[in-house]
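So the protein lines, in turn, are chains A and B. So the number in our numbering is just where the residue sits in the first sequence, counting from 1, plus 2. Residue 118 in our numbering is what sits at position 124 of the second sequence, and the numbering runs on without skipping anything.
The set of hints was computed from the structure by calculation and includes no laboratory data. Remember, predicted model here, so these are calculated numbers, not experimental data. It cannot be assumed that every hint is accurate.
[To be verified] Under the rule of at most 30 Å between Cα atoms (straight-line distance), these lysine-lysine pairs were calculated in the DSS-like manner:
1. A:119 / B:190
2. B:375 / B:439
3. A:118 / B:209
4. B:209 / A:119
5. B:380 / B:408
6. A:24 / B:209
7. A:45 / B:281
[To be verified] To be clear about the criterion: a stretch of chain B counts as covered by chain A if any three or more of its residues have a C-beta under 8 Å from a C-beta of chain A, and this derived list gives those stretches:
8. -2 to 8
9. 40 to 48
10. 160 to 167
11. 171 to 185
[What the hints assert, rightly or not] Estimated spans, in silico, between C-beta atoms of each pair:
12. B:283 / A:72: 26 to 34 Å
13. B:280 / A:29: 20 to 28 Å
14. B:0 / A:72: 34 to 42 Å
15. A:42 / B:613: 46 to 54 Å
16. B:286 / A:25: 23 to 31 Å
17. B:283 / A:42: 37 to 45 Å
18. A:29 / B:196: 38 to 46 Å
19. A:72 / B:203: 36 to 44 Å
20. A:72 / B:2: 28 to 36 Å
All C-beta atoms, glycine included, are put in the ideal place defined by N, C-alpha and C.
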Amino acid sequence: MASVLAVDDSPTMRELVEATLKGAGHSVLSASDGVEAMRIAAKQSVNLVITDVNMPNMDGITLVRELRQLDNYRFTPILVLTTEVNKDKRAQAKSAGATGWMVKPFDQSALLNTVKKVLG
Amino acid sequence: MSFESSELRAELLGIFFEESAEGVDILERGLLSLADGDHDENLINDIFRAAHSIKGGAATFQLEVITRLTHAMETLLDQVRSGERSTSSELVEALLEGVDCLRAEVSALRNEGETDPARTETVQERLDGMANTGNAAAPHLAASPAATKNEPDCERLWQISFTPHPQLLQSGNDVVRMFRELAEMGELSSSANTRKLPSLSEIDPLQCYLSWELKLQTTVGAEEIAEVFAWVEDECNLEITALDARAFKLHASETEIAASPAPSQPEASVSTKNSESSASVRVSVDKIDALMNMVGELVITQAMLRQVGENFNIERLGQLEDGLAQLARNTAELQESAMRIRSMPIRVVFNRFPRLVHDISRKLGKKVELTITGESTELDKTVLEKLSDPLVHLVRNALDHGIETAEDRVAGGKPESGHLTLKAYHLSGSVVVEIIDDGRGLDRKKILQKAQVLGLPCSDDMTDEQVYGFLFQPGFSTADKVSELSGRGVGMDVVHRNITDLGGSVRMESESGCGTRVSIRLPLTLAIMDGQLLRVGNQTLIVPLVAIVESLQVAWSKTHNLVGQGPIYRLRNEEIAILDPARAMGIVRQQAGDTENALIMVVEAGERRAGILVDELLGQQQVVVKSLEENYGTVDGIAGATILGDGTVALIVDVVGLMALARKRLPTRNRSEKTSESVHLFPAGA
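Next comes chain B alone, as it looks inside the complex (with noise of 0.2 Å):
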C-alpha cells in the first residue's frame, strides 16, 4: 500500500512486528493448550484473532508471504471456531509448523535471521490443503477498489428512485451526505416526495419521511453509483435505472488511463534500511507513571532545598538534614524505578518453554505436563537475554535424563506423566529461577566413578552438592550413549559459565528416583549492585556481596605454606588460600601494616571459595558499574569501574578472575616484601 512518507510506514512497521511477535506467541501458547485438549471458546477465539491481527497488518503492508501463511491458518481455525472441523493433532501439528514459519518470516523482515522458503512454502501447501482454499482465491491485499473496477467509460443519464425505511438516520447515516458524493460524480438534479410528511404536530424527528427521484449525468456506472448506497441497502428500496442510451460518448483516452493503474505488485521485500532494529523494550505506563511521579517528588525536593540554600543560617540547618535525606529517599526511588524499567517479566523466556516441552517429549515419546509459575517476576532485560540458553539446556537435560518414559514411571510406581516445573520468585535481593522434575534423579555413584575415571579429585565422603558440582565440569557427562537431545557432555559447564558470568549461582539438588531441583539465583540487575568497598595499599577495591562469605582475622602463624599453593589457612575444615590481590595485580603497599594478623575475606565463586587478603574493611554501598572494556581496556581480575561519592574510581573485583590471577602470581607468607616490577596500576588520586 502507498504510505504518506517513509517514514510512516517504517514506524508502522516496527509496531507491527512487535505486534506479530506478540501474535506469534499467542498462536503457539493457544495451539499447545489446543493440544492438550483444551477446548476453551475463548482460547480459539484468542488464537483466531492472533492469526487474523497479523493477517490485517501484513496485508496492510503488502507482505504476501505472511498474509498467505496467516490466512490459511485463520480458515482453518474458523473452521474450528464455527465447529466444523474438529482440533486433531494433525491439525495442531501444521499450525504449529505454520507458527514456525510464521515467527522466521516476522524476524527474517526485521533482519534477524534468513528463512526458508522451500520450508515455508511446503508448509503453507500442506495448511492450504487442509484448509482446502487450494483453488480459492488469494487473500486481498490493499488495493483500491476503484481501481479494479472495470466499468464502461461513457457518459449516461442515470434515473435513481430513493425510498428510505423510516429508521434509515437511525444508524447514523445522512441522505444528505449520499447525494453530495452522487453530485460529485457528475451532474444531479432531485426531487423530494413529501407525500408521507406527516403535520409537524406528528411528526417523530427521528424517522425519514421522505423519499426522492435522482437523476445523474455522469461516466460513473451502475455499480459505482449503488456503491454509494451500499451502507443502506437493507434500509431503502433503491433502483437505479439508465434513462437516456442515446447520450453515448465514448472516452477512448480516459478509458486508457483508467486501466493502468493496475492493482500493484506486493514489494518482494521490506526496504532494510528503513527498519534497523534498535534495541527497544515495551515498558507499562504503570512504569512510566511510577517513574514521572518520582521525578515529580524530586522536583519538589530540589525547590525546596533551593529555598533552604537562599538564605542559609544555621537556624535552617534541621531543614536542610530534612531535605537531604528526603532528596536521597528520592534518589533511591527514583534509582529503583529506572531499573523496572530495564526490567521484563521472566514470562518472556518462559513462553517458548511450553513449545520446546511439546516438541522434545513428543520426540522423546515422553508423556510431560509442565507447569510454569511466577512467569510475571522481573528481571533486568539483559539477565533475561543470557538466561534463555542456559535455561533450555536444562529442560533438554530434565527431559532427556530426568523423566523416565511411562512405561519405566509405571513400573517404578510413579504417575504415567512426568512433571516439569518451571519456577521464578524473588528471594531477599535475587531472583531464583528453578527447573524441576521428578524423574529417575542423579545418581551419586555414577557421577562419582565418572569423576574418578576424568581423573578429578573426590572421595566418598564428599557432599551431595560437591559431587553433583562436578556435572558442571567440561566435558562430563554420564549419559551412557549420546541423543540427538543430549549426552555429549557439553553444555552443563556452559551453563554454568554462562549463570556465573550473570553474577549468578547453580545449585542442584536430587534425590534417587524423586526427581531433580536445579535453582539458578540471579541478581536483578547487572547495571547495579551491592558492593562492600574495602582497601589494599592505596587502591579501594569492590568486592560484589554476593559473593563475601565472611571476613575475619587469622594470625599468620596459624597458615601453612603450601608449595605451588601460597599461603593456606584451615577454616572449619577447610582449606582456604590466601590471595593477596595487591600482588595479583601489582598494587604498591605504602607501610608494611600488621605484619602478625591477617585480615582475610572469604569470597565464593561457584563451588570454590578462596580468602582475600585485606587492608581495610570500609563501607557497604550500593555501586552503578561502569564497563571498564568501554571507558578503558580489559583488566584481569576486575569485572568493572565505578564512581564513588568523593569522585574517586574504584575497581570492581572479579572474583573468579582474581582466584585465575593469583594462583599465577602466588603470594608469599613475607607480606612485607616487594616486588621490584609492581606497576601503579592506578595510582591513587587518578
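The following block holds chain A by itself, in its conformation from the complex (with noise of 0.2 Å):
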C-alpha cells in the first residue's frame, strides 16, 4: 500500500489512475494541473508521482523540475505519461529528473505493472 499522486487535467485519465489504484489498495491523491500538484506536494510527501506532461498553467515537465526541488521529492519515484511518440517529450521529462514513463493508452495492467516496478 502506497501513495500516490495523479496529475492529469483530463478527469477521465485521472479518474482511470485512481480508480486502478485505489483498487490495488494504493491511497490516492489527484491534481489537475501542475500548480495544483505542488500545491499538494508542499503539504505532503507521496511514495510516487504520475503525472500528465500537456497540462494548463503548468506542464509536466515543469512539474517534474519543481518537485526536484523539494527535499521530500528529491528521491521520490515521478513517471510521466505520455501519448506522444517522438522521443524528445521523454529526454526533456528524464533531464528535468523524472524517474520514467508510460506510453498512453494504457490499460489497467499495465499501469499496476509499472507501478509494482517501481515500488517494488
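Hey, can you piece these two chains together into the complex? The hints should help.
Rendered as C-alpha cells:
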C-alpha cells in the first residue's frame, strides 16, 4: 500500500488512474495541473508521482523540475504519461528529473505492472 | 482495453463523454478565434490540448473513429503550434468540420443522435490529406506491449554489464528494483564492482559508485531485457550479449500461446445498455460547500430549538422566537443554495453562437463581429435548455434581416463589419437576455402595411411596441423573399410562445437604420416563484407576481357590457376585459358578496391585458410549484398547484390559459347569477 499523486488535466485519465490504483489498495491524491500538484506536494510526501505532460498552467515537465527542488521529492519516483511517440518529450522529462515514463493509452494491468515495478 | 469491471468502464466512459463535450467546445471556440486572426500561443496550446486529451481518452476506450479524427486534428494543430504550418481559413474550416463530426460521434455514443459515417469519412480524409498522414500508421490503440513483441522463444544465457552514471539515483530510479525485475524473467546472478567506491568519509550518498556484471538465464529476448533499463538508458552504459548460444531450446507450445493474444480489435461500438444517459448536472464545489454550510447551520438551529423545547416555559418564549426566525433564515438560504445547484451559467447556451454566427455570416457574405457579455449569469437548467432554440432563431434573424451587407453598410456611413451583441444580466429577480444588432432596424411602416394585408386590427397611432408585437403573430413575415435562413414567417411566434411558456416575456426595440434590440426577460427558476394569493369563492388561487400590473376596485356601474366580450372597464384609455375565474373554472361562490364594487386585478400576458375578478386579496408568498399534470391531470387555466403553510392545496393560475378560457365562458354583469352546471373543482378542504 503506497500513496500516489496522480496529475492529469483530463478527468477521464485521472479517474482511470485513481480507480485502478485504489482498486489495488493504494491511496491516491489527484491534481488537475502542475500548480495544483505543487500545492499538494508542498503539504505532503507521497511514494510515487504519475503525471501527464500536456497540461494547462504548469506542464508535466516543469512539474518534474519543480518537484525535484523540494527536499521530500528529491528521490520520489516520478513517472510521466505521454501519448507522444517522439522521444523529445521523454528526453526532456528525463533531464528534468523524471524516473521514467508510461505510454498512453495504457490499460489497467499495464499501469499496475509499472507501478509495481517502481514501488517494488 | 480491458477493464476490471464493466461498471468502471461505464463510469469512466461517462466522465470521458463530459470531458469530450467540453473539449469539443474548447476546440470550436479556439478555432473560431483562430479564424478571427488571433494567433496567441496559449490559444493554440489550449486547442491542441483539447484534441490531445480527447484522443487520449478515446484511445483508452478503443473508440477508433474518434481516435483517428482527433489524431489527424492533433497532428495539424501540432504543426501549427511548432510553426510548420500557418493557419489558413481552409485549415480552420477543415478542423471545424472535424469538430462537428467529433461532436456527432460523441453524442451518438451517448445515444443522443446518429452519426453520418460517410461524412465522417470524408472529413477524415480531408484532415488526413492536409496532415499528410495518409500513409502514416494509425494511432496506437491500447495494446499491451508484451503481446506485440516477436522474440524467439528459446532459453539463453545473457551477460549484462551495467555501469550507471553517478547521478542515476537522483531521478528516483533504483538499481535494486531493476534487478528484481530481471530476476522475475529467469535465473539471475550478479556481481558488483566496487573499485570506484571511495572511502566512507568521502562518500556522497547521492551518487552511485558501483557497476554490475549480471548473468541471466531466460527465455526473454534482448529487447525485453533492455526494456528494464529503458528509463535509464541515457544514464548508464549498458551491454547485453548472448553468452551461451548452444543452450537453445525451443518451446514450441509456448510460441503458439504467445502468438495468440494479438491486439484485440476495437469494439465496434460502446455497449449501449451501460451508458443510459441520466440527466446530470455538473456542480462546482463552491456551490456544494455553500449547501453543506447551510445544512450545518440548520443542524445548529435544530439543536437550539430542541434545547428550547425540552423544558419549555413562557420565559423562554423569546428564545423560541429567535430560534424560529433563525430557522426561517436558514431555510431561505438553504433554498437559495439548492436552487443554485440547478442553475447553470448561460455560457452553455451562448457557447454555440460564435460558431453559428461565423457559419451564417459566411453563408450570407456579411461581416459580423460578435460580442458576448455576462456569460456567467446563471439560470435554471430547464429554462436554459428551452432558451437555446429561440435564441438561435433571433440571432439568425438579426444576421439575415438586421445586419446589412458590407457595401450597404459602407454606403450608409456605417463601419463595414456589423456588430451583434449577446448579453445576459440580472434585473430585479429575473434574468434579461438581449440580442442587439447594429443593422437596419425594424421598418414600422412595412410592418403596419403587412398587418393591414393580413387583416390584423391596426392603426397609425399605435405605439412602436404594439407595432413590433405584430411580428410575434403566426405567419407574419416582412421579408421580401424567403431565404434558406429565415423569412418564412415561422419562428417569431414560436419564439414568443416558447419564452412565454417559460414564464418570460419578449420585447423589441428598434431605431430605423441604427439597429434592433430584442430583450427576453426570464424567471430565475421554474420551480419556485413569487405569487400573489387571492380568494375566489372558496378557493385560494395564486397568480404569478410577474404577471400582475395593478389591483384596483371599480364600481360595476363604471363597466360596460360589450356583446361577445363580457364586461369591459376603461382604465386610462385602455379597455380591460374583466374575467371571472369563478365562472371560467366553475368555482362556486357561497354568498353574493359586494354587488356594488368589483375588485379587479389587472394581469398581463405578453401584449395582452385583462382584469381578473377577485373576492379578496391575500398575502404574497414564494411558492414551490408542483405539477398538476403529474399528480392529477391537466386543467385548463391552471398552471400548477402548491401546498400552503396550513396544508391546503392552492391552484396557480395560468394567466394566458385563463384568458383563453374566459373568452369561451363569458361572465355576465350580474355577478350574483349562478350557473347550475358549475362543478366543485376542488372543494374546500380537499
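Right, here's what the structure says about each hint:
1. A:119 / B:190: At roughly 28 Å apart (the allowed maximum being 30 Å), residue 190 of chain B and residue 119 of chain A satisfy the hint.
2. B:375 / B:439: 40 Å, violated
3. A:118 / B:209: Status holds; Cα separation ~23 Å.
4. B:209 / A:119: 20 Å, holds
5. B:380 / B:408: 35 Å, violated
6. A:24 / B:209: Violated, because 37 Å separates the two Cα atoms, which is more than 30 Å.
7. A:45 / B:281: With Cα atoms ~26 Å apart, residue 45 of chain A and residue 281 of chain B stay inside 30 Å; holds.
8. -2 to 8: Coverage by chain A holds here, the residue count being 4 at a Cβ distance below 8 Å.
9. 40 to 48: holds (count 5)
10. 160 to 167: The restraint on the region 160 to 167 of chain B holds, since 5 of its residues have a Cβ under 8 Å from chain A and three suffice.
11. 171 to 185: Coverage by chain A holds for the region 171 to 185 of chain B (3 residues, Cβ < 8 Å).
12. B:283 / A:72: 26 to 34 Å: This hint holds: roughly 29 Å between Cβ atoms.
13. B:280 / A:29: 20 to 28 Å: 26 Å, holds
14. B:0 / A:72: 34 to 42 Å: 40 Å, holds
15. A:42 / B:613: 46 to 54 Å: 53 Å, holds
16. B:286 / A:25: 23 to 31 Å: 28 Å Cβ-Cβ, so the 23 to 31 Å window holds.
17. B:283 / A:42: 37 to 45 Å: Because 19 Å falls outside the window, the suggested range is violated.
18. A:29 / B:196: 38 to 46 Å: 40 Å, holds
19. A:72 / B:203: 36 to 44 Å: 26 Å, violated
20. A:72 / B:2: 28 to 36 Å: 33 Å, holds
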